[in-house]
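Asks: Start from chain A and add chain B according to the hints.
There are 2 protein chains.
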Amino acid sequence: MRQKAGQLIPVAPTAVEIRDHFWAPRLRVNRRIALFHQYRMLERTGHLEALRLAWKPGDPNPPHIFWESDTAKWLEAACLSLATHTDAKLQGLVDQVIALLAGAQGKDGYLNAHFTVVEPGKRFTNLRDNHELYCAGHLIEAGVAHFQATGDSTLLNVVRRYADYIDSTFGPGPDQRRGYPGHEEIELALVKLYRATREARYLHLAKFFLDQRGQTPNFFIAEAKTRGETTAPSFAPAYYQAHIPVRRQKEAVGHAVRAMYLYAGMADVAAETGDVALHAACQRLWANVTTCKMYVTGGIGARHEGEAFGENYELPNLTAYAETCAAIGLVLLAHRMIRLEPISQYADVLERALYNGVLAGVSCDGREYFYVNPLASLGRHHRQPWYGCACCPPNLARLLAGLGGYIYSVAPGALYVHLFIGGSARLELDGQRVQFTQETRYPYAGTVDFTIRTARPAHFVLCLRLPDWCRGDYGLAINGRQTRPAAHQGYLHLERTWSDGDQVRLDLPMPVERMVADPRVADAANCVALQRGPLVYCLEQADHDVDIHTLRLSDRAKIRARTDARRLGGTVVLEGSAYSQRHAALYAPLGRPSKVRSTHFRAVPYHLWDNRQPGAMRVWLPRAF
Amino acid sequence: MRQKAGQLIPVAPTAVEIRDHFWAPRLRVNRRIALFHQYRMLERTGHLEALRLAWKPGDPNPPHIFWESDTAKWLEAACLSLATHTDAKLQGLVDQVIALLAGAQGKDGYLNAHFTVVEPGKRFTNLRDNHELYCAGHLIEAGVAHFQATGDSTLLNVVRRYADYIDSTFGPGPDQRRGYPGHEEIELALVKLYRATREARYLHLAKFFLDQRGQTPNFFIAEAKTRGETTAPSFAPAYYQAHIPVRRQKEAVGHAVRAMYLYAGMADVAAETGDVALHAACQRLWANVTTCKMYVTGGIGARHEGEAFGENYELPNLTAYAETCAAIGLVLLAHRMIRLEPISQYADVLERALYNGVLAGVSCDGREYFYVNPLASLGRHHRQPWYGCACCPPNLARLLAGLGGYIYSVAPGALYVHLFIGGSARLELDGQRVQFTQETRYPYAGTVDFTIRTARPAHFVLCLRLPDWCRGDYGLAINGRQTRPAAHQGYLHLERTWSDGDQVRLDLPMPVERMVADPRVADAANCVALQRGPLVYCLEQADHDVDIHTLRLSDRAKIRARTDARRLGGTVVLEGSAYSQRHAALYAPLGRPSKVRSTHFRAVPYHLWDNRQPGAMRVWLPRAF
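Top line first, the protein sequences correspond to chains A and B. For any residue, its number in this note's numbering is found by taking its place in the first sequence, counting from 1, and adding 12. For any residue, its number in this note's numbering is found by taking its place in the second sequence, counting from 1, and adding 12.
Isolated chain A, as found in the complex (with noise of 0.2 Å):
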């Protein structure tokens, strides 16, 4: 059965402007400092030397096999800033590094350096461990969003060739390998391939190696034995989400990242072939990770062993893995369960995502990254320039230079509206032209005001997210009058033939909430976390003279929101009375005296911490008895 009406369509980051006062230095920051700051460090890393495949046996610092895939990432981060931010001096980068690639690519199209110069025969020989299909998908990527915002299709043409090479080396036919990659990518990368080209046999590669996956008998075990391997492998076939077929799958395990990319790559072949047991796998595995596997961050991937997946409610607030890639994983997800249906709880999850676990993984002046994001720290954990596996910081790059794909999807007749950012849209309904702008001061107030510009009434509907944290108790106007339409899947419908200047005024207040965990989330029992709007809070100790670590918190404290315009650049600070609690033993018997006394505590968003000096962190606070 298909099914592939009534899809949305992202409004492309080429569309939209990004005008605010949240976003909008971030973005500056992005495309101004941590773009040149990554490129210095792909450079200094031998990143970019590397692909001038002048390697030798004996010399130093080896291509190592999936540095492309690093490149890659700041490549399409770098294209999508400049498709919306021209920059002369970053176009000279992009383009020399361009010509790189091109001149690393074998002549039949093949392009890693480590398996041309450092082990030249072992091509394509260990799909398990040897990130080859993971570095060409970020590579199509990289393609796909040069030829998106310059129109040139030099890059374009290398990882088709590329594509093809993988094309016709893999598949179903009577010379071709069955195989699938360790660390799926190149699926979704595929589809991309293929919308942008509209060559169906990319899909149809996207596709085969989706079905491929978790076959008997299995693959990577089969693959190892022809390596003659005789030690046992680090990790078992779920690591690599290849313990049974995709559309059986249920749980998402293993390596947190790979099962994101994996995921989305389903969504996106289900979105282009109406697969429903595809779709329906998604949606499984979607409740999995969002109902069972995620912080209150959104970050995922609670393990540090695999970078994995722990068992259901397995989240460690101390220890928590929890990387910044797989939160940007789970953005990309989300996105692509948006396209497949309407249903706010995806855009919900993207924008704690995004709010939290993903824009915590950068410093406010972009030159340090969390790999690591947990939700407890005793003051040894810091965000640093660069990784000896840098996957984070270019991923982190590329999600905000296109951070304006995220805001708006359009279907027939409807435009929906996912996150309150600032700016404005330009957009085709129905064939018609329509400026669409926001003005708000989200995520630290919840009005937001759109106004439709267009030279002649278009009717359509207006779809506005009610976000999860919302209680209901909204005010919505269209200029002026209040008005209180159903909401279809969490999504305020307002349908109305819209003249130029209308204006929609959103009211969502923002009440301190004291978030609580499922009680099977052991260590978040008997905690609230503090959340405002999208933003979760935290406590740092540079804002205490007490040990954070002793504050309680009543349930009964009153919580006041303030603005504090120098504190972190400027931000809504959090803050009340508390009480720090001292025993005079580590264990002693309940009821003992234990000293208390009463303080005051100050929380800081979530994305914020760990910019000022080193100190202790934690996000769940003990409630106080």
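Take these hints with a grain of salt, some might be off.
[Said to hold, decoys possible] Output of the computed footprint for chain B on chain A, the stretches with three or more beta carbons under 8 Å from beta carbons of chain B:
1) 212-219
2) 298-304
3) 316-323
4) 326-336
5) 387-394
6) 521-534
7) 597-603
[What the hints assert, rightly or not] Label pairs and their calculated CB-CB ranges:
8) A:P626 x B:T243: 51 to 59 Å
9) A:D559 x B:S589: 48 to 56 Å
10) A:D567 x B:I21: 50 to 58 Å
11) B:C376 x A:D71: 57 to 65 Å
12) B:Q108 x A:T303: 55 to 63 Å
13) B:P229 x A:R574: 34 to 42 Å
Keep in mind the hints are simulated off the structure, nothing from the lab. For each residue, glycine too, the CB sits at the ideal point set by N, CA and C.
Replies: Chain B only, in chain A's frame:
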């Protein structure tokens, strides 16, 4: 300055007979099942065959660098067992293993199969990683145990030759090396050897290893350079407690087992030399471990990474490492701290670790072992019959086989009772023979009856530990007459001229206590751990219909202790009412209706968990609001 006077000399296990309801059956399982099971595993894994030195390059299963330590710990356990319980079959196995060890020894005294047949050129080239001195220490302990158990000096002579070889290799002399072991153990072993032989060289060598440790320039860094090592080591010197000289160490850091063995060796050398600075360092490190880095079970070493201590109060439950060997190491250290100072907190911690963190390491049937001891489980953590790194099983076996040695100490004119374990001890107090017996249902009941048998009246102080879990409302009677002696540093001092047949009854009420942790232990916030007497309890899924992780315990709920003669081989369970809490969503605002239902809970001693069908477990129980 020297301070040797006033030391407490432990009563040897050979002078103690354990005859009770709790330990005696476990020690029987240890003697009759565990020791033979472990011997078979040593045989099956090639530990014993390795000692024939028949391995050749190309052969499978090369002898591992630390196999001798496993074999030696087993041998020590077997000898301790033979010292109190003859067993011809076990004696035969011991003789065989000793013959193998003697045969594997080089002409120069060196004894390590790996560096004899696998990497013969690498002897003592990597003290940081290669465990040769660690293995040597365990061999020495086995040699002393064998001599003390049997009077036979065969193995003692073997290990003396090895110790002499090491003594000639390491030292301050012009042709000697200044190194020290990456895994401590030989220090405490050399003191044992010194005590058994009165050969001062061994004590000096122990002191030399301690004194060299952490000096600048760092030996491990220099040694790595000598080897021409170019890759960075996995761990910094602090992992090996080699970051600063031992006398200046204040915080327990790095690998927890190594730390315990080091501190134990420091305490031993302090006891023999009266080195006040060394003793003070032990006191500081002890205080740090037991007030900031110890689980309520007596487990230590919170982190999986490096099997290491975390920061102060970093005590996660689900991901606790708490290696069995580390809890054993804490017992070993406590035992030595008692020798230096009769303060009850040492025995309090010894008891906490012994009855909880250590004893959990072995299944009731003696055939399965925990290496890692979390304080919460989602159901997938289970004991294994053996481990690739098999340090814990024989370590448990030797601790249990020598348990009698931890109960009593004597000092001039004084008998100290540290543990309440039924049985009898043959003592010499100021030259007079005394037989001292305990009868008790401890740890399930707090009444202990002591009887003194002596040919003629004997004047001494009987010092009974008043456990930290006792709130002070104890009863004490001599020959039926209540008395209330002063407590000195946690010991009740009964000074009198004791006559044959004198009886003392100590009555320790054992209410169920709800223990709370220092508020800085983030992962125990707003939770209680149930404890009764020395036993820490846990909930197991096997005793509950509802998910135990949803349970909340009211502070007011009455908790009943009930003897359950059938459950888990007979134990005392704790029962009461609790709430099971459910939420509609993974995260929701506090106050949104959540389903609560009243239910019952049953807690079992932590050391007995995972002896039934697999399932979830937790120690820290959230309090109900």
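Asks: Output the indices of the hints that this structure fails to meet, ascending.
Replies: Going through the list in order, the structure violates hints 1, 8, 9 and 13 and respects the others.
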